[in-house]
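Visitor: Letter by letter, the sequence shown follows residues 1 to 93 of this note's numbering.
What the hints contain is simulated information worked out from the structure, not anything from laboratory work.
Just so it is clear, the structure is predicted and the values come from calculations on it, not from any experiment.
Check each hint, because a few of them may be wrong.
What the hints assert, rightly or not - If you anchor each label on the Cβ, the simulated ranges turn out as follows: (1) Met90 <-> Asp45: 36 to 46 angstroms; (2) Arg31 <-> Met90: 13 to 23 angstroms; (3) Ile86 <-> Lys2: 21 to 31 angstroms; (4) Tyr13 <-> Gln46: 12 to 22 angstroms; (5) Lys19 <-> Asn61: 40 to 50 angstroms; (6) Ser16 <-> Ile93: 34 to 44 angstroms; (7) Glu67 <-> Ser16: 14 to 24 angstroms.
As the list claims (entries may be wrong) - Derived SDA-like pairs (lysine to any residue); straight-line CA-CA distance at most 20 angstroms: (8) Lys19 <-> Asn61; (9) Lys19 <-> Ala44; (10) Lys2 <-> Leu74; (11) Lys79 <-> Met90; (12) Lys33 <-> Lys68.
Cβ coordinates follow ideal geometry from the N, Cα and C atoms, glycine included.
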Amino acid sequence: MKVGICTFNIMMYEGSSLKEKRMIVKSVIERIKSRYNVSIAEIADQDKWRLATIGFCCISNNKRHVEKTIQEVLRFLEKDGRGELINIDMEVI
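Given these sequences and hints, build the entire structure.
Guide: In structure tokens form, the structure reads like this:
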């Protein structure tokens, strides 16, 4: 069994309040959950309105599948355009 773990920060320039940040983060998380088979959550920086730290993981019996899923999620986030990905940390165990 292989487990892929990825954490990243996303800098958002559109929102001007914590309420708008929460709406964006919730939307991004729900879209990823529905499109990819991963567990995902905002894990830090809940009180900062331009920065979110999000983590997700996936499990498979194939290391390539785990790596591919992580890359697809990150590509999806880059194409989404609601924020800039920074400080990406990936690990496959």
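Visitor: Next step is simple, just say for each hint if it's right about the structure.
Guide: We went through each hint and held it up to the structure:
no. : hint                                : result
1   : Met90 <-> Asp45: 36 to 46 angstroms : 19 angstroms, violated
2   : Arg31 <-> Met90: 13 to 23 angstroms : 20 angstroms, holds
3   : Ile86 <-> Lys2: 21 to 31 angstroms  : 26 angstroms, holds
4   : Tyr13 <-> Gln46: 12 to 22 angstroms : 18 angstroms, holds
5   : Lys19 <-> Asn61: 40 to 50 angstroms : 41 angstroms, holds
6   : Ser16 <-> Ile93: 34 to 44 angstroms : 39 angstroms, holds
7   : Glu67 <-> Ser16: 14 to 24 angstroms : 37 angstroms, violated
8   : Lys19 <-> Asn61                     : 39 angstroms, violated
9   : Lys19 <-> Ala44                     : 16 angstroms, holds
10  : Lys2 <-> Leu74                      : 19 angstroms, holds
11  : Lys79 <-> Met90                     : 19 angstroms, holds
12  : Lys33 <-> Lys68                     : 16 angstroms, holds
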